[in-house]
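Novice: Sequence:
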Amino acid sequence: MAEINHFEYGWITPALSYALSVLGSVLGLICAGRIRTAGTAGQRAWWGLLAAWAIGGTAIWAMHFMAMLGFAVDGTRIRYDVPLTAASTVIAVVAVGIGLAIVGTGRLNPVRLVAGGIFTGVGVAAMHYTGMAAMRLNGSLGYDTTRVALSVVIAVVAATVALWLAMSVRRPLAIFASALVMGVAVNGMHFTGMSALSVHQHEAEGGVTDVAGTGMGTLLVPIVLAVIFGVVGLLYALLAAPTDDDRAAAAYLDARRAPESAVAPPTAAPDPVGLRARSTLGQPGTPFPSRREMPPR
Numbered sequence: 078m079a080e081i082n083h084f085e086y087g088w089i090t091p092a093l094s095y096a097l098s099v100l101g102s103v104l105g106l107i108c109a110g111r112i113r114t115a116g117t118a119g120q121r122a123w124w125g126l127l128a129a130w131a132i133g134g135t136a137i138w139a140m141h142f143m144a145m146l147g148f149a150v151d152g153t154r155i156r157y158d159v160p161l162t163a164a165s166t167v168i169a170v171v172a173v174g175i176g177l178a179i180v181g182t183g184r185l186n187p188v189r190l191v192a193g194g195i196f197t198g199v200g201v202a203a204m205h206y207t208g209m210a211a212m213r214l215n216g217s218l219g220y221d222t223t224r225v226a227l228s229v230v231i232a233v234v235a236a237t238v239a240l241w242l243a244m245s246v247r248r249p250l251a252i253f254a255s256a257l258v259m260g261v262a263v264n265g266m267h268f269t270g271m272s273a274l275s276v277h278q279h280e281a282e283g284g285v286t287d288v289a290g291t292g293m294g295t296l297l298v299p300i301v302l303a304v305i306f307g308v309v310g311l312l313y314a315l316l317a318a319p320t321d322d323d324r325a326a327a328a329y330l331d332a333r334r335a336p337e338s339a340v341a342p343p344t345a346a347p348d349p350v351g352l353r354a355r356s357t358l359g360q361p362g363t364p365f366p367s368r369r370e371m372p373p374r
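If you count the sequence shown from 1, you need to add 77 to reach our numbering.
Since the hints were made in silico from the structure, they are not lab data. The beta-carbon is built from N, C-alpha and C at its ideal position, and this holds for glycine as well. Don't take each hint at face value.
Derived Cβ-Cβ restraints for the label pairs, each shown as a range [claimed, not checked]:
(1) 217 to 183: 26 to 32 Å
(2) 298 to 325: 42 to 48 Å
(3) 178 to 81: 34 to 40 Å
All chains, full assembly: derive it from the sequences and hints.
Specialist: This is the structure we're talking about:
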């Protein structure tokens with residue numbers, strides 16, 4: 078059995094993974110809060126998609142990848158299968174998106190919350206172990222069943238709490254505190270699942286053998302760029318969208334305009350002698366009518 082090191086670069090990778098999970102959770106909670114105030118189904122779907130990408134793509138999957146940078150096995154290189162790695166990303170985003178759709182449609186109740194938490198938690202666990210299955214190394218992977226089950230339970234509980242927070246918190250301080258808790262839960266699930274892993278190394282002649290797949294360094298650049306552009310896009314969407322204060326101000330202005338438009342136009346003053354009918358009186362150069370031309374009374 079090969080020796081495994083989860084922190085090859087010390088505290089750097091777990092600290093960065095926790096920071097990513099907190100950042101994604103903050104953005105996801107803010108986007109989820111916009112779901113509740115959206116006026117149309119299209120707007121709710123848009124904010125739900127952004128929240129799913131922030132939580133599933135950044136807080137969960139990007140955190141998983143960053144933590145895997147510090148994972149090493151003595152005596153073998155580690156490479157990754159690109160299609161399976163991409164599939165793990167899709168699984169995370171879709172699982173969170175469906176969970177938000179379950180709890181975000183209709184009135185929130187315990188049945189919806191538990192159903193969404195179970196679905197999302199199982200999806201997050203599936204993402205984790207799909208990402209682990211994407212690893213290619215000179216050996217075979219084994220898992221401790223008890224710790225795997227514990228990691229799934231942690232994922233379900235963390236997902237349930239995350240969905241409840243997404244539908245409940247609104248104040249900035251509460252959102253930040255909730256993101257800190259979510260970061261602890263996501264990292265706890267990840268490292269619990271990693272502790273269940275064991276590697277049975279294959280015998281190789283002449284030392285370390287080459288392993289098929291894509292190296293971590295090759296994947297690092299596109300994934301970091303995807304995370305950066307994703308975070309920038311989320312920030313732009315949040316800053317460009319009208320806030321509750323903006324909507325309240327617009328409603329106030331509309332309410333002020335409504336009474337003004339409802340006022341009836343001024344009525345014409347009475348004209349008992351019929352002077353208004355003589356339109357030629359007010360035009361320059363028009364001769365003043367003589368008494369003979371005056372209509373009889």
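Novice: Does each hint hold? Answer for all of them.
Specialist: A quick look at each hint next to the structure:
no., hint, result
1, 217 to 183: 26 to 32 Å, "violated (46 Å)"
2, 298 to 325: 42 to 48 Å, "holds (44 Å)"
3, 178 to 81: 34 to 40 Å, "holds (38 Å)"
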